[in-house]
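A.B. asks: In order, the protein sequences belong to chains A and B. For the first sequence, the numbering used here gives the first residue as 1, with consecutive numbering after it. For the second sequence, the numbering used here gives the first residue as 1001, with consecutive numbering after it.
Treat the hints loosely; a few may be bogus.
BS3-like mimics (lysine-lysine), calculated; alpha carbons at most 27 Å apart, straight line [claimed, not checked]:
hint: 1; chain 1: B; residue 1: K1123; chain 2: A; residue 2: K109
hint: 2; chain 1: B; residue 1: K1123; chain 2: A; residue 2: K19
hint: 3; chain 1: A; residue 1: K119; chain 2: B; residue 2: K1217
hint: 4; chain 1: A; residue 1: K32; chain 2: B; residue 2: K1107
hint: 5; chain 1: A; residue 1: K19; chain 2: B; residue 2: K1175
hint: 6; chain 1: A; residue 1: K81; chain 2: B; residue 2: K1088
hint: 7; chain 1: B; residue 1: K1172; chain 2: A; residue 2: K119
hint: 8; chain 1: A; residue 1: K109; chain 2: B; residue 2: K1277
These aren't lab readings, by the way, just hints derived from the structure by calculation.
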Amino acid sequence: MRLIMHNMLTCNIKGVINKSPLRIEAEKVIKKEVDFNPDFLRHMLAKIEWKALVDGARSMGYTELPVHAPGIESDEPFLRKFHHALLELNLEEGSLVCQESGRKFPVNKGVPNMLLHEKEV
Amino acid sequence: MTTTASRGSVAVTAAAASSAEALREGIAEFYNETSGLWDEIWGDHMHHGFYDPDSSVQLSDSGHREAQIRMIEESLRFAGVTEEKKIKRVVDVGCGIGGSSRYIASKFGAECIGITLSPVQAKRANDLATAQSLSHKVSFQVADALDQPFEDGISDLVWSMESGEHMPDKAKFVKELVRVTAPGGRIIIVTWCHRNLSPGEEALQPWEQNLLDRICKTFYLPAWCSTTDYVELLQSLSLQDIKYADWSENVAPFWPAVIRTALTWKGLVSLLRSGMKSIKGALTMPLMIEGYKKGVIKFGIITCQKPL
Chain A
1 MRLIMHNMLT CNIKGVINKS PLRIEAEKVI KKEVDFNPDF LRHMLAKIEW
51 KALVDGARSM GYTELPVHAP GIESDEPFLR KFHHALLELN LEEGSLVCQE
101 SGRKFPVNKG VPNMLLHEKE V
Chain B
1001 MTTTASRGSV AVTAAAASSA EALREGIAEF YNETSGLWDE IWGDHMHHGF
1051 YDPDSSVQLS DSGHREAQIR MIEESLRFAG VTEEKKIKRV VDVGCGIGGS
1101 SRYIASKFGA ECIGITLSPV QAKRANDLAT AQSLSHKVSF QVADALDQPF
1151 EDGISDLVWS MESGEHMPDK AKFVKELVRV TAPGGRIIIV TWCHRNLSPG
1201 EEALQPWEQN LLDRICKTFY LPAWCSTTDY VELLQSLSLQ DIKYADWSEN
1251 VAPFWPAVIR TALTWKGLVS LLRSGMKSIK GALTMPLMIE GYKKGVIKFG
1301 IITCQKPL
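If we strip away everything but chain A, and leave its shape as in the complex, we get (with noise of 0.2 Å):
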């Protein structure tokens, strides 16, 4: 899973106020490159939940974001970082935890379990 598809996930379970972000667990982060492409990054970076991003890449172990997203003009340094931490970054095993309710998604080889149980929904 990587961090621009982290950016979207909620969790859905009846009564959570604070859906997202969801906060990550991670026991296995592997690094896959993605073709650098500064359009879409630019395009991207209106849609991104800064905070979101930021703390997902430090739980990932990528602490080069810097705490702010900086203003319209975005550098090419910038965006290389922007670039790693949102697409190239992969959770292949861990959790993502809802912030309010505690409850744990797990991920396995890279993808999301976001099944709720029944007394969830």
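Chain B: place on chain A using the hints.
C.D. replies: What follows is chain B alone, placed relative to chain A:
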């Protein structure tokens, strides 16, 4: 698990909530077991091909694969989804091994998120995306179509290609599709239905229900409803520009072709290796043909737009 569709309501399993979890597990196990086999013989599109009606030419394997691509293209066209619409983010509900997602991501340059109950399918879908250099655009996870792990309105195209059949609660399924669609976004549902009921008809004939029940069990289909049922659900949720069509004639060559591939040497060996669910699935395929021929089973497309 048997159901009856009745006028004015959509079929819901009579059993309690715990059987919904059992159904989910059944569906997951079915696809965990059979996807590899399908992938090997038919490739990455786990849906019917779209053919010209009454086409008598027997197609090659590649002809059928082209028909499967054509199904995606015809569905997009029917829904009025063109390049000009600037589709940015797609949710693929019941994504299989991601064939539609990867195709649509390539076509529109859109981000596609796929959900499936099968961990085996999700892993394979992600691996194929990596192999096709699409992993920055598409990703797949295990999630329930009836409880999608997304905020409201995240998607401008919600795509359900032959997954509606698996949903035990059609009303909840449609509500979730609508919830994750952005205002102005479109929904495309392509699904197996039973025929529309005639005015005054409360339910299918017993022999028709019996036929569907036999198919339900093997393919883990909890409920069939009609195209009209979907249209009425969408109308009740105030969706706009609702369009629908019966494409049963356009998919007629598909099951005979699937049976033919199953009966090849490669097909038989693969079936035996794959396991009982695959074998039972193969044995059920003639019932699909019977269902279509007798007008009980319909292949329907329903599309709509969410108001701004």
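A.B. asks: Checking one constraint from the list: CA of A/K19 to CA of B/K1175, max 27 Å. Satisfied?
C.D. replies: Measuring from Cα to Cα gives roughly 19 Å; hence the hint holds.
A.B. asks: Decide if the proposed pair is consistent with the structure: A/K81 and B/K1088, CA atoms, cutoff 27 Å inclusive.
C.D. replies: 23 Å, holds
A.B. asks: Going straight from one Cα to the other, do B/K1123 and A/K19 come out at no more than 27 Å?
C.D. replies: Given that 27 Å is the threshold and the Cα spacing comes to 25 Å, the pair holds.
A.B. asks: Is B/K1123 close enough to A/K109, meaning Cα to Cα at most 27 Å?
C.D. replies: Distance of about 7 Å is within 27 Å: holds.
A.B. asks: Please work out if A/K109 and B/K1277 have their alpha carbons no farther apart than 27 Å.
C.D. replies: Between A/K109 and B/K1277 the Cα gap is close to 24 Å, so the pair holds against 27 Å.
A.B. asks: Checking one constraint from the list: CA of B/K1172 to CA of A/K119, max 27 Å. Satisfied?
C.D. replies: Holds, at roughly 16 Å.
A.B. asks: Keeping to a limit of 27 Å between CA atoms, is the pair of A/K32 and B/K1107 held or broken?
C.D. replies: 24 Å, holds
A.B. asks: Between A/K119 and B/K1217, does the CA-CA distance stay at or below 27 Å?
C.D. replies: 26 Å, holds
In the structure shown, no violation is registered for any of the earlier numbered hints.
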